[in-house]
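J.: Once you have looked at the hints, place chain B on chain A.
Each chain, written out:
There are 2 protein chains.
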Amino acid sequence: MREIRLVSRPTGFPIASNFELVPSAGLELVPGTALVENLWLSVDPYMRQMMDGLWSLGAPGEGRALGRVVQSLTPAYEVGTIVFHTQGWRTHSVVTPETSRRIDLAPGVPLSAHLGILGGTGLSAYTGLKRILQLQPGETLFISAAAGGVGTAAARIARLLGAGRIVGSTGSAVKAKWLESEVGVDVALNYREGSLVDQLAAAAPDGIDAYLDNVGGEHLAAAIDVLKPGGRIAWCGAVSTYNGDGVVAPHNLFEVVEKELRLEGFLVRNNLDLRPELIEFLTPQLQSGAVVSDETVVAGFEQTVDAFLAMLRGENTGKMLVQLG
Amino acid sequence: MREIRLVSRPTGFPIASNFELVPSAGLELVPGTALVENLWLSVDPYMRQMMDGLWSLGAPGEGRALGRVVQSLTPAYEVGTIVFHTQGWRTHSVVTPETSRRIDLAPGVPLSAHLGILGGTGLSAYTGLKRILQLQPGETLFISAAAGGVGTAAARIARLLGAGRIVGSTGSAVKAKWLESEVGVDVALNYREGSLVDQLAAAAPDGIDAYLDNVGGEHLAAAIDVLKPGGRIAWCGAVSTYNGDGVVAPHNLFEVVEKELRLEGFLVRNNLDLRPELIEFLTPQLQSGAVVSDETVVAGFEQTVDAFLAMLRGENTGKMLVQLG
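Those protein sequences? They're chains A and B, same order as listed.
For the first sequence, the UniProt record's numbering assigns the number 1 to the initial residue and increments by one for each residue that follows.
For the second sequence, the UniProt record's numbering assigns the number 1 to the initial residue and increments by one for each residue that follows.
Calculated directly from the structure, the hints in this document are not laboratory data.
One should not assume that every hint holds.
A pair holds if it fits inside one copy or across any two, identical chains being indistinguishable in the list.
Unchecked claim - Calculated cross-link-like contacts (lysine-lysine; reagent style BS3-like; alpha-carbon spacing at most 27 angstroms): (1) 228 to 130; (2) 130 to 259; (3) 259 to 228.
Extracted from the complex, chain A is given alone in its bound form (with noise of 0.2 angstroms):
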């Protein structure tokens, strides 16, 4: 049994030494509990941001994990129930009813789609689509960062929710080439090359109508330039900021007022209400295979420091995830 410990605050980008991998301590099992083994962790580009303040030192790092019960002092759970809880970044976790969830798991939809498509990084895509954006059938959108978690799972829903045209930028011609042939984008920019803009327009040359953005900066900035009048932007992240370089407030702000554009913020914490209605939406797509939850899935435990830095560094497509045992 052992964790993953924040053990000194990053400053820019995260290194190694940040974090210690050590036995656990204080997973004390008492009445209404249950010990659970972790299957899979989830690494966040938010995690980045709750290292400066909200994850405190000496203490394990927390997020999304899937386990499998071994031990349980709660009527709620056999031993061999699946649950899914937020006490990941250690292969065991003492859950309660109240902090986790059990896992219903539907004939041929793999495990840890719950912590992909089906999860938190699928539900903040299907919220900035459908109550954020509100987008209709037919219409141009863009996504940044799209071959990542939150991008590919967007790209899937939104073509399924009927999306005329959609535009997704990445890092790499690779990325760029799998984005077109794999997820079904339908033009894919790479941002590192020529001007962003530039590629955004050339892509959607009547303009887009909605843009869903975890990168904020320059990708802003350039969708706000392109985005058709009356326009609108999803906002759930700002990851080119997260290691203290950049700058999320763009030049041409004042287009939304030129331009009658809504550019609205949302947490994907705050619309858990959703997740019954996606599941649904979701677990037929994924049994037919019309669906994929995308993955980058690296094995071992001891790998989570270095698979959260290489998400931090754009390696994975798909969601990246940990898998342990």
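T.: For chain B alone, coordinates are given in the frame of chain A:
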């Protein structure tokens, strides 16, 4: 018959020599048109932007105006008809029924109100409060440039809509006092005196629900800081930046994500469908005296440029108008 032409483009703050008062040219009455003697001219912040490009050099400025038909070659208007049109900055204008609109004067409602709280100014306030912010009874509202035309109209309309607490900002202690004693603003801040964000937080200790912004810059940043989670911003201008100084984009824009804010721009010219509703809503309030159209009136066509410059300096309370004749 005279007109005021833009003869050079302002660099920064406009000066009197950017303009020239000359005899009218091109006032040709042809079938289908009418000659209007203007009675009231409006001077507005947006005109500063027009002077950077949209207004032609050597041509008269454009702007909202009210006048009386003195000659008519159209069956739509008889001599004496009062019309609204957008060919201001001149003593006389030639209009068509398509480029103008008959004003139906209600008893007890002053004509000038049709350039004030019943005109584009009031419609900006109403659109922002009703359509964009969807202000709910009991909510706390912040209004920037509260002593100006849109600001005073917004404060009075918000009170009718049931706003719980109205906080307004202005640039002098005298105007702040006037806002509280005459306009019904609950707390008026002088942004030139101390920290704006600290004053705003003190005036709205539970946070603000909604913000009507026609200033941008530091005001927008302060509002973002003090808005409650889920708060809304209706953005219709950035007068703090029209003269080339100041920055539109707030440093704390990412709070839009962290607090799930909605920032939405609007242009009054795309919301003219709300005008009948506004006039129906306000006419009985104006007739009973429950609401007034706050105005600063400058007399004499030759004072138009002075009135415009004084408005840019914030010397008016309520809508700045020029009365002719």
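J.: If a hint holds in the structure, say so; if it doesn't, say that too.
T.: Checked hints:
For the identical chains of this complex, residue 228 and residue 130 are neighbours both inside a copy (19 angstroms) and across copies (23 angstroms), given an alpha-carbon limit of 27 angstroms. Taking the shortest Cα distances, residue 130 and residue 259 sit within 27 angstroms of each other both inside one copy (22 angstroms) and across copies (19 angstroms). For the identical chains of this complex, residue 259 and residue 228 are neighbours both inside a copy (7 angstroms) and across copies (26 angstroms), given an alpha-carbon limit of 27 angstroms.
The structure agrees with every numbered hint stated previously.
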